[in-house]
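Number of protein chains: 2
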Amino acid sequence: MTGNDIDKFKLISDGSITSVPGFQAGSAHCGLKNSKEKTDICIIYTPTGSVCSGIFTTNSFQAAPVIINRESLENNNKIKAIIVNSGIANACTGKKGMENALNTMKMVESSVPGVKKNEVLISSTGIIGKQLPMDKIENGIRDCTANLSIDGGNEAARAIMTTDLAEKKIAVSIAFENGKKIIIGGIAKGSGMIEPNMATMLAFIGTDAKIEKKLLDKILKKGNESSFNSISVDGCQSTNDMVLIMANGESGIKVKDEDDKTFKILSEGIFFVMKELAKKIVMDGEGATKFIEIAVRGAVNNEQAKKAARKIANSNLFKTAMFGQDLNWGRINSAIGSSDCEFDPDDVDIYLGDAKIVENGAGIEVDKALSEKSLKKRNLNFRVDLKNGSGNWTVWTSDLSFDYIKINALYHN
Amino acid sequence: MTGNDIDKFKLISDGSITSVPGFQAGSAHCGLKNSKEKTDICIIYTPTGSVCSGIFTTNSFQAAPVIINRESLENNNKIKAIIVNSGIANACTGKKGMENALNTMKMVESSVPGVKKNEVLISSTGIIGKQLPMDKIENGIRDCTANLSIDGGNEAARAIMTTDLAEKKIAVSIAFENGKKIIIGGIAKGSGMIEPNMATMLAFIGTDAKIEKKLLDKILKKGNESSFNSISVDGCQSTNDMVLIMANGESGIKVKDEDDKTFKILSEGIFFVMKELAKKIVMDGEGATKFIEIAVRGAVNNEQAKKAARKIANSNLFKTAMFGQDLNWGRINSAIGSSDCEFDPDDVDIYLGDAKIVENGAGIEVDKALSEKSLKKRNLNFRVDLKNGSGNWTVWTSDLSFDYIKINALYHN
Chain A
113 MTGNDIDKFK
123 LISDGSITSV
133 PGFQAGSAHC
143 GLKNSKEKTD
153 ICIIYTPTGS
163 VCSGIFTTNS
173 FQAAPVIINR
183 ESLENNNKIK
193 AIIVNSGIAN
203 ACTGKKGMEN
213 ALNTMKMVES
223 SVPGVKKNEV
233 LISSTGIIGK
243 QLPMDKIENG
253 IRDCTANLSI
263 DGGNEAARAI
273 MTTDLAEKKI
283 AVSIAFENGK
293 KIIIGGIAKG
303 SGMIEPNMAT
313 MLAFIGTDAK
323 IEKKLLDKIL
333 KKGNESSFNS
343 ISVDGCQSTN
353 DMVLIMANGE
363 SGIKVKDEDD
373 KTFKILSEGI
383 FFVMKELAKK
393 IVMDGEGATK
403 FIEIAVRGAV
413 NNEQAKKAAR
423 KIANSNLFKT
433 AMFGQDLNWG
443 RINSAIGSSD
453 CEFDPDDVDI
463 YLGDAKIVEN
473 GAGIEVDKAL
483 SEKSLKKRNL
493 NFRVDLKNGS
503 GNWTVWTSDL
513 SFDYIKINAL
523 YHN
Chain B
113 MTGNDIDKFK
123 LISDGSITSV
133 PGFQAGSAHC
143 GLKNSKEKTD
153 ICIIYTPTGS
163 VCSGIFTTNS
173 FQAAPVIINR
183 ESLENNNKIK
193 AIIVNSGIAN
203 ACTGKKGMEN
213 ALNTMKMVES
223 SVPGVKKNEV
233 LISSTGIIGK
243 QLPMDKIENG
253 IRDCTANLSI
263 DGGNEAARAI
273 MTTDLAEKKI
283 AVSIAFENGK
293 KIIIGGIAKG
303 SGMIEPNMAT
313 MLAFIGTDAK
323 IEKKLLDKIL
333 KKGNESSFNS
343 ISVDGCQSTN
353 DMVLIMANGE
363 SGIKVKDEDD
373 KTFKILSEGI
383 FFVMKELAKK
393 IVMDGEGATK
403 FIEIAVRGAV
413 NNEQAKKAAR
423 KIANSNLFKT
433 AMFGQDLNWG
443 RINSAIGSSD
453 CEFDPDDVDI
463 YLGDAKIVEN
473 GAGIEVDKAL
483 SEKSLKKRNL
493 NFRVDLKNGS
503 GNWTVWTSDL
513 SFDYIKINAL
523 YHN
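Sequences listed follow chains A and B, in order. In short: position in the first sequence from 1, add 112, done, that's the working numbering. In short: position in the second sequence from 1, add 112, done, that's the working numbering.
It is possible that some hints are incorrect.
As the list claims (entries may be wrong) - PhoX-like mimics (lysine-lysine), calculated; alpha carbons at most 25 Å apart, straight line:
| hint | chain 1 | residue 1 | chain 2 | residue 2 |
| --- | --- | --- | --- | --- |
| 1 | A | Lys366 | A | Lys334 |
| 2 | B | Lys518 | B | Lys120 |
| 3 | B | Lys518 | A | Lys518 |
| 4 | B | Lys207 | A | Lys480 |
| 5 | B | Lys387 | B | Lys122 |
| 6 | B | Lys228 | B | Lys322 |
| 7 | B | Lys242 | A | Lys518 |
| 8 | B | Lys208 | B | Lys242 |
| 9 | B | Lys242 | A | Lys499 |
| 10 | A | Lys489 | B | Lys518 |
| 11 | B | Lys518 | B | Lys488 |
| 12 | B | Lys208 | A | Lys518 |
| 13 | B | Lys518 | A | Lys480 |
| 14 | A | Lys485 | B | Lys242 |
| 15 | A | Lys145 | B | Lys480 |
| 16 | B | Lys499 | A | Lys208 |
| 17 | A | Lys419 | B | Lys419 |
For the record, the hints were derived by calculation from the structure and aren't laboratory data. Just so it is clear, the structure is predicted and the values come from calculations on it, not from any experiment.
With the hints as extra help, turn the sequences into a complete structure.
Here it is in structure tokens:
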């Protein structure tokens with residue numbers, strides 16, 4: 113998105129998925145999380161129904177909700193509601209898990225007026241291998257329904273959290289020349305088990321644009337590559353990842369085809385929302401003390417740039433050095449050197465912010481006071497120039513800290 | 113190696129590379145490590161010369177010693193000495209680094225009687241990007257030469273350590289029916305930046321068998337796959353990795369060709385030594401509190417079994433769960449599910465020791481007291497059965513602990 117394009121977008125203060133006309137959300141605590149203060153189930157609801165696209169984990173082990181949603185979207189179902197629980201992933205739960213997921217959808221049908229079970233999508237996040245306690249789910253759905261509100265998006269963003277420390281939400285409005293506007297809003301969760309293709313993350317996005325499924329699929333797929341597929345916290349891929357986008361058409365603004373100017377504008381709006389939600393996931397990475405942007409330039413092609421950038425982002429040694437605020441650039445070299453990306457090691461330059469730290473593959477004299485000051489910042493930007501072509505890619509990652517170990521060594525307890 | 117084969121081998125108590133007839137080693141402290149108590153340079157020496165094979169890192173950034181040794185071995189040089197320093201990797205050091213490495217080899221020629229510079233191999237391990245202090249290296253080489261001894265192998269194993277906590281060494285003798293014997297001995301280092309292809313590790317192996325380079329190359333390459341290429345501590349690959357094997361022929365036992373029975377016996381001996389050294393590296397993994405064997409069975413082929421096993425071994429979430437002594441088997445499922453290995457998720461069984469913990473892809477009731485007891489042990493064995501073919505592979509890894517972060521966040525300081 114260029115500077116000019118940004119002018120068209122207005123960030124909606126404290127916005128979320130319910131900033132989008134026609135979207136409601138309701139949340140409740142049903143007992144999947146121990147603390148009664150914390151909501152652990154929510155329903156996102158758009159009464160008139162929506163065209164919906166989804167992208168799901170590529171893990172061979174797929175949680176029951178992932179399997180069910182894939183089929184619902186293939187059948188081109190009109191979607192009115194998404195039911196999400198946190199605390200239990202309903203993954204690796206066999207036939208019983210599938211039954212529980214299908215029953216959850218039926219419960220939504222019974223609870224929310226005007227919704228059929230095949231108009232419901234389902235999503236879960238939390239621990240693998242445990243069955244859902246269906247009595248609690250049923251109570252939760254009843255309470256969520258009672259709480260449905262056009263202001264419910266912020267609480268829904270909290271209800272889908274697991275080890276997340278902060279809720280992730282955003283909304284933008286896009287003004288058209290004729291005075292009409294489209295709103296795009298979303299919520300997301302994700303903190304650990306975060307790795308491209310996809311991260312352990314959930315994202316639910318809504319818009320009031322009117323668009324065919326085929327076109328919406330295209331936008332979602334393209335946006336996903338440079339957002340949720342360009343982040344990594346720990347290189348581990350989940351069984352439950354999903355991004356869902358619902359377009360309810362309430363703005364009256366219709367996207368005709370790919371050549372339509374509106375297609376481009378809507379795409380950019382959705383890309384922006386996806387990228388911001390993705391970055392928020394990294395900022396809240398488990399135990400993260402740093403938000404690190406890694407931009408690889410000058411690769412043979414974008415695919416190779418992505419490989420190199422990901423390899424750095426997933427290097428435990430690089431990530432621990434960042435936690436230690438230690439400019440150990442050799443770990444960047446060794447990471448890209450093991451990435452299958454083609455380049456001449458004697459050509460590589462690396463920058464931290466504006467300061468060059470590696471020239472032609474070797475370290476150069478760096479002002480220690482300056483680099484120490486840079487490394488103390490929460491946000492770090494590394495740029496790697498391979499000087500071997502025009503391929504570029506940017507990924508975002510966090511550091512690897514004591515707290516990551518603490519959170520994950522004791523997740524069950 | 114089968115049980116019967118093991119009978120032919122005798123472990124030599126406290127053995128190392130200098131357990132092999134005709135091998136000497138000398139070590140010294142030259143100032144690359146801060147503590148004067150710690151040796152940081154050593155020479156391994158076999159006066160009559162040896163046939164030598166090597167395997168090196170596949171990282172695009174290759175340290176100066178790696179580049180030089182590759183060429184020396186391609187030229188089929190007869191090798192009499194290996195000079196190794198720890199503390200500085202001489203990687204990403206440009207032309208100056210190459211000059212320093214070549215000068216180091218010249219210094220060995222000047223110091224050790226009867227050795228020409230092209231009969232010297234060179235190896236370095238430590239921090240990337242720093243130049244070697246050549247005055248210290250010169251003094252070190254002089255002191256190493258003065259200390260050369262047939263008992264020097266144990267100290268050499270210590271001289272090559274960096275973050276290693278324990279020296280790694282082994283020697284075996286193989287008795288032949290005619291009363292003659294072959295000795296194989298080795299030393300190794302490695303603790304972090306450990307990943308297949310290859311680990312951040314150095315290994316130097318000697319034998320008194322008489323063998324052509326072509327045959328020795330074959331044995332080394334094959335042995336490497338199931339030893340140093342089957343371990344992982346942190347998934348990070350180094351710029352300096354190398355395994356060198358020297359055969360000085362002093363036993364008088366000659367390996368004629370691949371059909372020769374002696375070829376098989378020697379191969380098994382070398383494989384054993386390589387595998388034991390590889391396991392010792394994992395046992396000493398940075399911050400490791402666990403030694404974990406992961407055996408994948410029933411894959412389409414060995415290559416796929418290796419992929420799945422490596423993915424588990426490199427999963428930060430699996431490794432932190434092991435540190436936390438938490439049987440979070442869902443993390444094993446999600447790791448193999450993201451490994452590109454073909455299998456049906458509903459077929460997968462997983463065992464911890466003899467206890468089945470996952471059946472047909474889903475968790476089963478596990479005796480909690482028993483599993484807690486198992487997870488308290490230092491050595492853990494996981495077996496994954498994919499039931500999809502006859503491909504098998506075993507890898508060894510460590511857990512991911514607070515100390516890994518501590519060691520690597522503050523490596524410079």
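Verification of the supplied hints:
Taking the CA atoms of Lys366 of chain A and Lys334 of chain A, the gap is about 20 Å. The hint holds against a cut of 25 Å. Between Lys518 of chain B and Lys120 of chain B the CA atoms are separated by roughly 44 Å; this puts the pair beyond 25 Å, and the hint is violated. For the proposed pair Lys518 of chain B and Lys518 of chain A, the alpha carbon gap of about 13 Å is at most 25 Å, so the pair holds. Note on Lys207 of chain B and Lys480 of chain A: the hinted pairing holds, with a Cα-Cα distance of about 24 Å set against a maximum of 25 Å.
Proposed proximity of Lys387 of chain B and Lys122 of chain B is supported: the alpha carbons are some 16 Å apart, at most 25 Å. Restraint check: the Cα-Cα separation between Lys228 of chain B and Lys322 of chain B comes to about 22 Å, which is no more than 25 Å; the hinted pair holds. The straight-line distance between the Cα atoms of Lys242 of chain B and Lys518 of chain A is roughly 34 Å, outside the 25 Å bound, and the hint therefore fails. With a C-alpha separation of about 10 Å, the suggested pairing of Lys208 of chain B with Lys242 of chain B holds against the 25 Å cut-off.
Distance restraint check for Lys242 of chain B and Lys499 of chain A: the Cα-Cα separation of roughly 24 Å lies within the 25 Å cut-off, and the hinted pair is therefore satisfied. Distance restraint check for Lys489 of chain A and Lys518 of chain B: the Cα-Cα separation of roughly 20 Å lies within the 25 Å cut-off, and the hinted pair is therefore satisfied. For the hint pairing Lys518 of chain B with Lys488 of chain B, the CA-to-CA distance comes to about 22 Å; that is within 25 Å, so the pair holds. Taking the CA atoms of Lys208 of chain B and Lys518 of chain A, the gap is near 43 Å; set against the 25 Å cutoff, the hint is violated.
Between the alpha carbons of Lys518 of chain B and Lys480 of chain A the distance comes to roughly 22 Å, so the proposed pair stays at or under 25 Å and holds. For the suggested pair Lys485 of chain A and Lys242 of chain B, the alpha carbons sit about 22 Å apart, so the restraint of at most 25 Å is met. For the proposed pair Lys145 of chain A and Lys480 of chain B, the alpha carbon gap of about 22 Å is at most 25 Å, so the pair holds. At roughly 23 Å between alpha-carbon atoms, Lys499 of chain B and Lys208 of chain A fall within 25 Å of each other, so this suggested pair holds.
For the given pair, Lys419 of chain A sits about 18 Å from Lys419 of chain B by alpha-carbon distance, which is consistent with the 25 Å threshold.
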